[in-house]
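Asks: Read off the chains here:
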Amino acid sequence: MNRPTRTKRKPVYHQLSSDSEIEVQYEIKKRIGLSCVISKESIESNPPKSSKSLTRSTGSKKQTTLTNFTNPNSSSSAYSRIPRFNSDPGDVTFKKEYNTAVDVRWLEKYRPLTSSALALHPRKYAELKSQLEQMIRKTSASPRLLVLSGPAGSAKTAALRVAFSEITGTPVITATDSTTSTFDPVDIGGSDRGILEWSTPTHLEDVSMMNALQDFLSEARRKRTMNVTEKTLVLIEDLPNVFHPETRQKFCNELYQWLDLSLPVGELPLPPLVLIVSEMIIAGDEANGAIFNKFSTINDSLTVEKLLTRDILAHPFTQRIKFNPIAKTIALKSLKAIVHAEPAAFNNITSSSLSHFLNSTAEGGDIRSSICTLEFWAQSSEGGRHLLFDMPVRSGELGECSITPTRYHSSQYNRPANVGLFHAVGKIIYGSTNDSLASKSKGKGMDRPQLTDQDDNNAVMDVIQQWGQWWRYKLSPAIFENYLGARGGSLGLDVLGSCADIFSMEDTMPVALDQISCDVEMRHLRNKIRTAPDIIGVKPTISSSYQPLKYPQTWSMITQQAREREKIMGYLETTGGLCGILKGQYDAILYHRYYDGIITRQNPQVVGWLDNKPRVLGGGIGSGHTTEEIVDGKVGIESRDIERSKLNEDTWKQHSIYRFTDGDDIED
Amino acid sequence: MSLWVDKHRPRYLENVDYHIELSQRLKSLTTSDFPHILVYGPSGAGKKTRVVATLKELFGPAVEKIKIDSRVFTTPSNKKLEFTIVSSIYHMEITPSDMGSFDRVVIQDLLKEVAQTQQVDLQAKQKFKVVVINEADSLTRDAQAALRRTMEKYSPNLRLILLANTTSNIIAPIKSRTLLIRVAAPTNDEISTVLAAVSKRERVPLPSNEADYQTVFNNIAFASNRNLRKALLILEAMYAQNGSLNTSTPIPPPDWEIVITKLAADIASDRSVRRIVQARAILYELISHCIPPNIILKTLSFSLLTNVQPLVKPDIIDLAATYDHRLRLGSKSIYHLEAFVAKVMTAIEKKS
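Just so you know, the sequences run in chain order A and B. Under UniProt numbering, think of the first position of the first sequence as 1, with each following residue one higher. Under UniProt numbering, think of the first position of the second sequence as 1, with each following residue one higher.
Incorrect hints may have been included.
Stretch-level coverage of chain A by chain B, calculated; a stretch enters the list once three of its residues show a Cβ under 8 angstroms from a Cβ in chain B [what the hints assert, rightly or not]:
1. 342-356
2. 477-486
3. 491-500
4. 589-596
Within a straight-line C-alpha distance of at most 20 angstroms, the following computed EDC-like cross-link-like pairs (lysine to aspartate or glutamate) qualify [as the list claims (entries may be wrong)]:
5. B:K56 x B:E82
6. B:K7 x A:D587
7. B:K67 x A:D453
8. B:K79 x A:D494
9. B:K313 x B:E349
10. B:K200 x B:D33
11. B:K80 x B:E152
12. A:K306 x A:D238
13. A:K567 x B:D69
14. B:K67 x B:E113
15. B:K80 x A:E566
16. B:K112 x B:D69
17. B:K350 x A:E127
18. A:K333 x A:E375
19. B:K298 x B:D137
20. A:K129 x A:E237
21. B:K351 x B:D266
22. B:K7 x B:E202
23. B:K112 x B:D142
24. B:K67 x B:D142
25. B:K350 x B:D315
26. B:K200 x B:D137
27. A:K322 x A:D453
28. B:K298 x A:D587
29. B:K112 x B:E152
30. B:K313 x A:D494
31. B:K79 x B:D137
32. B:K7 x A:E573
33. A:K322 x A:D587
34. B:K351 x A:E566
35. B:K262 x B:E210
36. B:K7 x B:E21
37. A:K567 x B:E82
38. A:K528 x A:D587
39. B:K65 x A:E573
40. B:K56 x B:D137
Hints were generated in silico from the structure; no laboratory data involved. Heads up, the beta-carbon is just placed ideally off N, CA and C, and yes, glycines get one too.
Bound-form chain B, shown alone (with noise of 0.2 angstroms):
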């Protein structure tokens, strides 16, 4: 038994909730010359799942025969890196952000493994194979252009899908050599149709009352903030502590976000050094679970931005902005964090 955003994901492309033209589109480019594509967009919007209904059009049910393997991969300065790849034998998918910043050599070597490798089943109704790099925006820039002289080069056998969150990151001359798909994030009310599809199909118990009904719904819709995944977990969670739902259910946001809206609160109420000791010691706790320092400063800013003066909210972008780069080109990011912290400090100080 698996959790139910696993078990209700759509596995076909016409089973696919919103979108539907894009899922037509998608379609229609399987029966034509595929060409590289990068899907992006917001988490919990359904990349994956339509780039994984996708392959499963262009291959058949074969591609969801999958094998999960590690492989070590030695570096030229001899470090061994352990990396996950997941495949088929039509199509391999990769996450650069194991690799770390040797991410250039391992996908080169990857991508020209499986680029020099003719497709060896005849029946194959592709002559390619599919290589899926998840995270492209993390890629680095070194990485990125090795991959546009290896999507020239092997283009016969080899079709590349890029995931990303946003094209920001990614070069230009990856994005002029691919198709850009942009998958949105569902709207409250999609969100809503697709919980009350799923709670259905679970039996949840739910309010009889038809308001009621939707309110829980768009509730959990609100509180996932347009991200899918999010609200189905949520919504498992609370079935799964409460038996049933209604209204008045507690929607449990995930543990991090609540320790930094209080940071947020507790920022914009007073200010000392003490409180830059506090936020250190938040910091410090955050980022040794592994939440990514950009989504810290993202989350924290924005509910900075709920918790302050009108006249500050312009100074925390702005910081917001200069930290974020930094967060970027630094390595050190508990620095940027705190700096942050102690100057938004400063700023509302200022402004109060």
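Looking at chain A on its own, in the form it has when it is part of the complex (with noise of 0.2 angstroms):
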């Protein structure tokens, strides 16, 4: 191997230097920006120099892409407004608490440099660092895979990031501070930065991506030897193509063979790894046809069960920490904290529409995009007017009005609400009182508060707007995996029946009239749930009026049906050749997979199955469970697991357990 061809290796966006590129680097990941930010400490040590150069390079062209966005008669005040690290200090304890570069983008210029500036529950971040403490301590006990999984934005890397440096006592690192901090096979010795990351390299002359992946971490593990003091901590962030079954597979292979490393005695056990999973659901794409196909998997959610094989996760030396959107308080106390820093900015935004805005863009539980469109929004506004949009937002007037201002800002500016699929199914099925002042009875006791049509209207308009489109496959399962849940189980038996009804009915409907079942079978619901009499005498059987949610179990069902229907016709060709005769494929479901089962399990002579092993096929029904569990409040309602543990195991375990929480205190 020569040395070009290594050069060759190395992330190309290391090699970006034009300005243009750095712009559009901003757009597309927080991780790639990172490349022209300065950590607070290297201001410190010389800020002339560094201050200096940064803003030649990257401020200028700021300005001007700016300019392109705002009116062109408003530039030069845009320019004044920009905000400057020179000019505008802020506070002073504010600025030891962010990393207050130059003139970057507050996403950059806010990064937390210490926990408290974290827009994370303090308990989350608490499992965090003693979770990473022990692994940096590394006794042979100690974990070596952590996983910290969550959806976009939910603060994972920058607590990481914290936690590392507030144990190992050194400052915070941003990712691309220097380029010996990613991964080179060649030049992986010198990082000093404490935290080595992998990157998916580009391009590949020589080695294939998985291979790539084995010569990092084996780097890492030979690393550890050379420098015995050092505390280092690696880092996957940047997954391979996992969608590639075969390159999952490969993953998964290598991190296991981490995991299951065995140490020779005296040896120092290997660096801590961290997995960051940005997980997302997709909805919609696995029902595209995909149904009566056994041959496609295609579905591009990604989970950290679905990434990681089951040997991992179960693995005694893997961690997991699942992080949640962003809590709508925590994350509007490091947007007010923005705002507090950037009083130049928000001089001539009204506070009622700032605070709509804060609290509409905090609803989203995405931390990074909150703080992108504030900075985008407070930039393109004038004298509370929108030059972008044209949209007055005044004081006062519209403030308490039924059709809330907000909601017209968000579809402009935000990230479109995060109607998660169970949030959705809690708003149909519980019903939501976000928008209306009856969230303020919320909290007393066991008492729901009163939800009006108007409640009822705003929560079924926002769960189609998310998921109308996939009505069919994923939300009316899941509505329908929950609703009984509904009040608490104390809803009578002909609610439920006719509930049962709505969902019968829809299904029956046209795929063409999608839309409209959609609504109907939303609104019905909903109305009947709410309307329902509660039945004297029957008290809740379930403590708090929320309960865990579970996922639907269609998915997992259709799955075991081909798997099952494979067997069947595998048995079918077998004995179809052997006796001259094809048997219906009901017939074997129905008689022999069960009467062949006994006699062959009696009689091994006997040729019913493939493989001659005595068993009933995929085994008996009924088996699972007797119906006496059920019944006697071990599986009852309360615990709902009835079937995850006979259907629903693989693949969606985790889901099950999700707990939802109305309105903003998912954190809790």
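Hey, can you piece these two chains together into the complex? The hints should help.
Replies: Here it is in structure tokens:
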């Protein structure tokens, strides 16, 4: 292997120098954007030099870009409002908590440097920190792999970096400070920053991607022997193409080897490996025609369960921390801190429109997106009027109006309101009081807030907007799975009967009418559940008014059906060849499946099954659980995992214990 | 060694045990110009046996030399579809339920392929080929309409034998173009006779007492619900489990029936949200074992009928009819089954 080949393996974005590319990078991904950031440390050590160079290189370009965005006439005023670190130092404590570099995007500028500035629930942070500490201490029993998972913008990476710096006492490093912190098979020894990050090379000449990862991990292992005292961390955030099954398999194998590596006595333990997974659930894809095709496994959702094999997740050296979308209150705190630090940018914006904006943007649960939006919003507005969208939002008048202006805002600026599937299900089953005054009555013990038609309408509209197009394949099964628990399981049988009938009826609608069916189903259900009378004398079986929601089993059921059908087909072919007649599929399912099992178990000479193993095909029905178990409360509606053990075990196990909470206290 | 149900299957029309006059009629058909036929009747009545025997009568023993291969068909939307075809040199057998919603294209293609090649074997008794379509009642409307065209177009080279459980799902044009042959379920006595003959051939130890001897078979026949296939399987399973048969030998019903019967009894005894949750778990399990939803509904309804008060029975039948229809229209069987359970519970509550 010669030198030039190796250099080619370097990730391409380190070679980026032109400003326009940097601008593009901002839009793409925060981590890529880091390339023009100067850490706090370097500012303090020699401020004049670095800040100057940065202003020169990125600042000027940014101004021109902004000019393009804003009204040309107001371009000069847009300049003056661009926040500058030098002219506007902000308050002192704030500066210490955030990575207040010079003229960069706020996302970078206010990158949290201490745990108090993190937009994360303190409890979650403490969990992460203690886990990481344990790993860095490198006892032989400490975990080797830490999986951080959560939706995009839930402060996973930021929290990890802060935690690492607090543990090791080094300043927070931003990933691309130096090229050495990213992987280069040759220069790996040179990193002194602590975090060793894998980044998927954009092009490779003579090695496959997975071999490169293998090299990276073995380098990381080797490095540990070179420098004993150093506290390092190996980070994998940039996943290979895991939608390709073989790549995913190799990736898992690599991780498993790492976990399973047996270390000789006296050898140093492995450096902690952290895997950050931005989970995403993309609805609908698996539904588009993949139902009847057993060959198709296309599903673009990415979750930890899908990514990693069970061996890895269940391995004693694996630890997993799940991040939730940032709670509104916490996100608000961070956003307000930024507003506070940037008084110039918000000079012309009325406090009411600002608070409307903050509220709506913080709802998304994506702090990264919120900060970006905030910055853009602040810079594109003047005198309370938005130059881009020319939408008047004045103080007071609209504030208490029932068609809340924030809704209008959010459609303009925000990442589309993040109504997750479970959230959507919750909105239909439990109703939502988010937008009304009734929400104030929340928290008074068990009392359900009185919901109005308007609330229901809002809730249904929200859900339909987000999930309407996936109603048939995702939303409806999910609601179906959970509707029995509505009102704490205290609904009368007649109400449940009519609810079930709604599902049944809508299922018979032609696909072309999906939109209407969805609308009708949601409204009908919501209305039925809301108006249902409480049954006297029946106490809700659940102490809290909300229960864990379950992931729909439709898909795992279909998968299992396909598997079963394949076995039956195999059986039919074998026996058909033997006795010269092809049996009917249903005969095989209904009778042969069971009786052949019994007969061949007793008499192995009978050729029934292909492999001649004495068993009932596909396992007997009813063997998984007895009805008594279900009735005896053990697996009643409370713990609702009756079927999980049977049908649902692999893919969605984790999801079924998701908790749904209404409104903004997701973190708790 | 194969199962008794296969081993003792009659190979010739003369050997078929019951519906003798039907066999004679089939035999006489083979001597004249053979029409398209539609054989219908409940499962386990002997439709397939008769059809195979008829084919043998038509073409001679060569039809028994079958090969089973799976074909891959690429649909217009570029999806690969795999299905099984059983064929001899004279006939071909297909099961459209393998093909899902693409049955029209597949069937059209296959039939055209068969029909366009003439019989090459000059020694052949007949100059046409036969295509047997199993489970013809599960063909989509679309496919049935296509079939009707094909029947007219290719009639010199091709004869169709359709097998179905009921003619009600088959469109009228097909019914009018085929000779309808009903194979009724055997009576309990007929089943007992067959069982006795099979046990004798297999030398199953049986009670020597004449009355007991009869009772054993009658019991099985009764449990089989006039389904000869089921009866024979039960017989062999009982023999395999116990080594000998007498009146006290337990008759094992298939597992899914046990589960459904239990569910029906549970629903009749107590109704609550929890019961629905339990029912759902059971329904999910049944469906994922590929038990056809309409069979689940039917079995459940009939076992409910034995458990409830007379007053509720009409309601249950009404609901079963409604949701059976919905099952046909819709695609998510669990919805309809659960709605049926919930509605039945409500009905029982109201009348009690």
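Asks: Compare the structure with each hint and give your call.
Replies: Okay, the hints, checked on the actual structure:
1. Counting residues of the segment 342-356 of chain A whose CB lies closer than 8 angstroms to any CB of chain B gives 0, so the stated coverage by that chain is violated, three being the minimum.
2. Residues of the segment 477-486 of chain A lying with their CB closer than 8 angstroms to a CB of chain B number 3, which satisfies the three-residue condition for coverage.
3. Counting residues of the segment 491-500 of chain A whose CB lies closer than 8 angstroms to any CB of chain B gives 7, which reaches the minimum of 3, so the coverage claim holds.
4. With 8 residues bearing a CB less than 8 angstroms from a CB of chain B, the segment 589-596 of chain A meets the requirement of three and the coverage assertion stands.
5. This hinted pair does not check out: B:K56 and B:E82 have alpha carbons roughly 28 angstroms apart, beyond 20 angstroms.
6. Distance restraint check for B:K7 and A:D587: the Cα-Cα separation of roughly 16 angstroms lies within the 20 angstroms cut-off, and the hinted pair is therefore satisfied.
7. A distance of roughly 65 angstroms separates the Cα atoms of B:K67 and A:D453; the hinted pair therefore is violated under the 20 angstroms criterion.
8. The straight-line distance between the Cα atoms of B:K79 and A:D494 is roughly 44 angstroms, outside the 20 angstroms bound, and the hint therefore fails.
9. At roughly 13 angstroms between alpha-carbon atoms, B:K313 and B:E349 fall within 20 angstroms of each other, so this suggested pair holds.
10. Under the criterion of a C-alpha separation no larger than 20 angstroms, the hint pairing B:K200 with B:D33 is inconsistent with the structure, at around 39 angstroms.
11. At roughly 29 angstroms between alpha-carbon atoms, B:K80 and B:E152 are farther apart than 20 angstroms, so this suggested pair is violated.
12. A threshold of 20 angstroms between alpha carbons decides the hint, and for A:K306 with A:D238 the separation of about 16 angstroms falls inside it, so the pair holds.
13. The suggested pairing of A:K567 with B:D69 holds, with an alpha-carbon distance near 16 angstroms, which does not exceed 20 angstroms.
14. Distance hint between B:K67 and B:E113 is fulfilled; the C-alpha atoms sit about 17 angstroms from each other, no more than 20 angstroms.
15. With a CA separation close to 15 angstroms, the supplied pair B:K80 and A:E566 stays within the 20 angstroms bound.
16. With a CA separation close to 19 angstroms, the supplied pair B:K112 and B:D69 stays within the 20 angstroms bound.
17. Note on B:K350 and A:E127: the hinted pairing is violated, with a Cα-Cα distance of about 54 angstroms set against a maximum of 20 angstroms.
18. Under the criterion of a C-alpha separation no larger than 20 angstroms, the hint pairing A:K333 with A:E375 is consistent with the structure, at around 16 angstroms.
19. Of the pairs offered as hints, the one joining B:K298 and B:D137 holds, with about 17 angstroms between alpha carbons and a cut-off of 20 angstroms not exceeded.
20. With a C-alpha separation of about 18 angstroms, the suggested pairing of A:K129 with A:E237 holds against the 20 angstroms cut-off.
21. For the proposed pair B:K351 and B:D266, the alpha carbon gap of about 17 angstroms is at most 20 angstroms, so the pair holds.
22. Note on B:K7 and B:E202: the hinted pairing holds, with a Cα-Cα distance of about 10 angstroms set against a maximum of 20 angstroms.
23. The suggested pairing of B:K112 with B:D142 holds, with an alpha-carbon distance near 16 angstroms, which does not exceed 20 angstroms.
24. Distance check on the hinted pair: B:K67 and B:D142 sit about 29 angstroms apart at the alpha-carbon level, beyond 20 angstroms; violated.
25. Of the supplied pair hints, the one linking B:K350 and B:D315 holds, its CA atoms being roughly 11 angstroms apart against a limit of 20 angstroms.
26. Taking the CA atoms of B:K200 and B:D137, the gap is about 37 angstroms. The hint is violated against a cut of 20 angstroms.
27. Of the supplied pair hints, the one linking A:K322 and A:D453 is violated, its CA atoms being roughly 36 angstroms apart against a limit of 20 angstroms.
28. Restraint check: the Cα-Cα separation between B:K298 and A:D587 comes to about 16 angstroms, which is no more than 20 angstroms; the hinted pair holds.
29. With a C-alpha separation of about 12 angstroms, the suggested pair B:K112 and B:E152 falls inside the 20 angstroms cut-off, and the hint holds.
30. Restraint check for B:K313 and A:D494: satisfied, since their Cα atoms lie roughly 18 angstroms apart, inside the 20 angstroms limit.
31. The suggested pairing of B:K79 with B:D137 is violated, with an alpha-carbon distance near 24 angstroms, which exceeds 20 angstroms.
32. Taken as a hint, the B:K7 and A:E573 pair is honoured in the structure, with Cα atoms around 16 angstroms apart against an allowance of 20 angstroms.
33. Distance check on the hinted pair: A:K322 and A:D587 sit about 47 angstroms apart at the alpha-carbon level, beyond 20 angstroms; violated.
34. Straight-line distance between C-alpha atoms of B:K351 and A:E566 comes to about 45 angstroms, which puts the hinted pair past the 20 angstroms bound.
35. Restraint check: the Cα-Cα separation between B:K262 and B:E210 comes to about 35 angstroms, which exceeds 20 angstroms; the hinted pair is violated.
36. With a CA separation close to 24 angstroms, the supplied pair B:K7 and B:E21 exceeds the 20 angstroms bound.
37. With a CA separation close to 14 angstroms, the supplied pair A:K567 and B:E82 stays within the 20 angstroms bound.
38. A threshold of 20 angstroms between alpha carbons decides the hint, and for A:K528 with A:D587 the separation of about 42 angstroms lies outside it, so the pair is violated.
39. Note on B:K65 and A:E573: the hinted pairing holds, with a Cα-Cα distance of about 14 angstroms set against a maximum of 20 angstroms.
40. For the proposed pair B:K56 and B:D137, the alpha carbon gap of about 25 angstroms is over 20 angstroms, so the pair is violated.
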